[in-house]
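Trainee: Next come the chains, spelled out residue by residue.
Number of protein chains: 2
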Amino acid sequence: MQNFTYHNPVNIVFGRGTIPELTRLVPQNAKTLVTYGGGSIKQNGVYEQVMKALAGQQVIEFGGIEPNPRFETLMKAVETARAEQVTFLLAVGGGSVIDGTKFIAAAIPWKHGEEWDILAKRPALSEAVPFGCVLTLPATGSEMNAGSVISREETAEKRVFTDSHVYPVFSILDPETTFSLSERQTANGIVDAFVHVMEQYLTYPVNAPLQDRQAEAILLTLVEEGPKILRDPANYDLRATIMWSATLALNGLIACGVPQDWSTHMIGHELTAFHGIDHARTLAIVLPAMMSYRRASKRAKILQYGERVWNITDGDDEERIVAAIARTKAFFNSLGAPTSLADYGIGSETIDRIGRRIGERGVRLGEHRDIGGAEAVDILRLCL
Amino acid sequence: MQNFTYHNPVNIVFGRGTIPELTRLVPQNAKTLVTYGGGSIKQNGVYEQVMKALAGQQVIEFGGIEPNPRFETLMKAVETARAEQVTFLLAVGGGSVIDGTKFIAAAIPWKHGEEWDILAKRPALSEAVPFGCVLTLPATGSEMNAGSVISREETAEKRVFTDSHVYPVFSILDPETTFSLSERQTANGIVDAFVHVMEQYLTYPVNAPLQDRQAEAILLTLVEEGPKILRDPANYDLRATIMWSATLALNGLIACGVPQDWSTHMIGHELTAFHGIDHARTLAIVLPAMMSYRRASKRAKILQYGERVWNITDGDDEERIVAAIARTKAFFNSLGAPTSLADYGIGSETIDRIGRRIGERGVRLGEHRDIGGAEAVDILRLCL
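Just so you know, the protein sequences line up as chains A and H, in that order. Numbering-wise, our numbering comes out as the position in the first sequence, counting from 1, plus 1495. Numbering-wise, our numbering comes out as the position in the second sequence, counting from 1, plus 1495.
Think of the hints as simulated: they come from the structure by calculation, not from any bench. Being a predicted model, the structure only gives us computed values, none of them experimental. Hints may be right or wrong, so weigh each one.
[Stated by the list, open to error] A few chain A residues facing chain H, derived, Cβ under 8 Å:
1) TYR1501
2) THR1513
3) VAL1624
4) THR1698
5) PRO1700
6) LEU1715
7) THR1716
8) VAL1718
Don't be surprised by glycine CBs; every beta carbon is placed ideally from N, CA and C.
Assemble the whole structure, with the sequences as input and the hints as a guide.
Mentor: This is the structure:
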C-alpha cells in the first residue's frame, strides 16, 4: 500500500426532504449567488424549494451554466459576483454546475492575472469563496471532492484543476430531485461513476485488498442496481443508491493508497472538446479500448475485476480478459451508451488531431505514464 | 435507505515515516499536552519520533492513561492542562489514549459542574480543546470519529459520549508503529473492528446495497488478512490493511443510511466494567449469542452475511444461520479470543448483576430497541 492523506471535510446531508436544511446551512448574513444550468430546476420544483429555504436572505442568481461548463460563461458569473460583493455561492444542479461554481469560487479572489491560468498553470490557491451544493444529477462526484473540469470554447480545450479550497462546505443530496432526469442523463451518470471507479481500481496490485473490495462494492452496486433504475425511474431506494454510489466513486476514499490511471478521462475530454460528445459517453468509448490495449500491464487487475464483478472464472487468462472487456462493453450498451467512434461518425482525422494535441502538451498519461500521443492514437483506432 | 448526514473532517495522514509530519500539523505556537498510556511508546521508538518532530515547541506530558481509560485518571490530566493553559492535545497511543484525550479535550473548558456529566448526561458541547492523534494500535476507530468510551472506577461504570467537537483535527497512522504490538493486542484489534462492522451491518435490510457491500468489504478483508498477520507480524502491507480497515470500520461511513445495533457493545461494556475483560474479548463472547438469540429479527442479514462473507450456501435457512454463527465463533477462536463466559470463570451472578443494571438504567438496546435487562440475561446465559 502506498502512503496517502485523506481529508474530505464536506458535510453531506442526504435524503428526502433535505433542501429546507439550506436555511440552516447557508451562513447567516451571507450574500449568496445561486448558480444553475439550463433551467430544469425551474421545471422540477427544486428552484422553488431552494428559494423558499433562502427566503429573507440576500440572494442573486446566475443561470445558464452549460454542460461541459465554459470559461467564457463562468467569467460572466465571476464579474457579477465581484460587482455584487457576493460572500457565498450555492450551486444547484449536476456536475457541470458544481464544477463551474468551483471555478467561480476560485476566480473571484484571483489576483494573479488571467483567470484561465487557474486551469492552465494549476497554481496552489490561497483562497476561494465558500460554497455549498444542491445536487440534482448523480454522476461526477463533484459534490464531495475538490476537482473541477472546465472547457474553453475559444481554443476547444478542456482542463482540470484540483485544490483543497474548493471542497464544498456542504452538499445536499435529495434523491427525489433525480426522479425527473431523462433516461440518458441517468444512464450517463451510471457510466460516469463506473469509469471513475475503474480509473482508481484497474491499474496494478499494490497489496491493498480493502481498497480493491471497496471499489468492487461500488462497481457491483452499479452493475446490479443501475439497469433497474431505467425500468423504475421513480424508485426512491434505487435513486438513493445510485446517488450515493456516484458520490463515493470519486470522493477520494477508494484512491487512498493505490495508483490511479485517468488516461480514459484525459482522452475522453478531447473527444468532448472536439465533438461535444457527452462526457460519460466518451468514457464508454475509450475504456474498453484502453483495457484491450493495456491488457499486459493491467493483467492482474482485469482478471480480478472479471472474476469479482462479472463472475468470469472459466477459460485461460486471455479468454477471461476478452470476456471482461466484452461484459464491460455490453454493460455500457445496455445503458444506451455506444462504444465505438463509428456510432458518432468520427474517423481517423479526429484521432490524429487528438494524438497531436496530447503529443504537443507533452503529457504522459496513466499509472505508468506510458500513454502519450502515439499511444492515444493506437487506443482510439481500436474504437473505430 | 434512511436519511443521513455524513461530515467527517479528520485529516488522515497514513503511511510509513509520517510521524515527522507533526512538525507541520501541530499548530505553530501551540502549548501541547502529549498524552499516552503505559509507556510502550518509549520502548518502540514512537515517543522519540514524536518529541523530535515537536522539538522547539512548548510541550508537556501526561502518561499513564490505562486501557478502559478512567475518569479519575483523566481528571488529573484536565487539572494539569487547565493549570498549564494548554492549547492543543496530542494523543499518542491506541483507542484508550485517544478516547481519554477526547474526554480531556471536552472537560478542560467545561463550565457546567461535574465533568462526569459529559458522560452521564451527554449534553451537546459548545467547545473542546483541539487535538491530534498518533495511532499505535488499530482497533477502535477512535482516530477518525467523534466517540469516546470512559470508565469510572468508583462506580464500575463504563459510558459513551459523542460530539462533533471531539473529532481529531488530524490522525497520523504509521503501520510500522504496530509492528511491536503483542499477538493479543493485534488479535483484539481485529475482533474489535470486525464487531464494529457487525453492529452497523447485521440488523435488517433497508434497500441499501452499497452500504452492505462496503461493510462486507471490511469483513472479508479482516477475515482474509487478519489471521495472516499473526503469522507475519512485521509484514507492512498486512499491518497497513488492518490499520485502515479498523479506521473505516467506525468512521461513520458504513452507518450512513442504515439502522445500527450496538447491543453487543453495551452488554460487553458491562463485562469489562465488572471483570476487566479486554473490550474486544467481551465482544467475541456476546456477539455469537446475540446472533443466535435474535436470529428471527436478523434473519435476512445473517443469511446474507453467511453467504457473502463465509460462502455458506448449502442447507435451509436455519442450518445456514447456525453455520454462520459457528464460523463467526471459529474466527474469533482462531484469533485467540474465547467465546464463552466459562473461559473467564464467570457465572450467573454476574449475568444477574448486568441484567439488573441494564434494567435499572431503563435503556432499550438494539436496532429495534427490544433488548432490556431481561433479554440481556437471556443472551448472556447463551454465553455460559
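Trainee: All hints are to be evaluated individually against the structure, with a verdict given for each.
Mentor: Checked hints:
1. Contact between TYR1501(A) and chain H, as hinted, is supported at the beta carbon level, the nearest pair being about 4 Å apart and thus within 8 Å.
2. The criterion of a C-beta within 8 Å of any C-beta in chain H is met by THR1513(A), whose closest approach is roughly 7 Å, and the hint holds.
3. Violation of the interface hint for VAL1624(A) is found here, the shortest Cβ-Cβ separation to chain H being roughly 20 Å, above the 8 Å cut-off.
4. Hint status for THR1698(A): violated, given a least beta-carbon distance of 16 Å to chain H, over 8 Å.
5. The closest approach between the C-beta of PRO1700(A) and any C-beta of chain H is roughly 10 Å, which is over the 8 Å cut-off, so the hint fails.
6. For LEU1715(A), the shortest C-beta to C-beta distance to chain H is roughly 6 Å, which falls under 8 Å, so the interface hint holds.
7. Among the interface hints, the one on THR1716(A) holds; its C-beta lies about 4 Å from the nearest C-beta in chain H, closer than the 8 Å criterion.
8. With its C-beta approaching chain H no nearer than about 11 Å, VAL1718(A) sits outside the 8 Å limit, and its interface hint is violated.
The structure is inconsistent with the numbered hints 3, 4, 5 and 8, although it conforms to all the rest.
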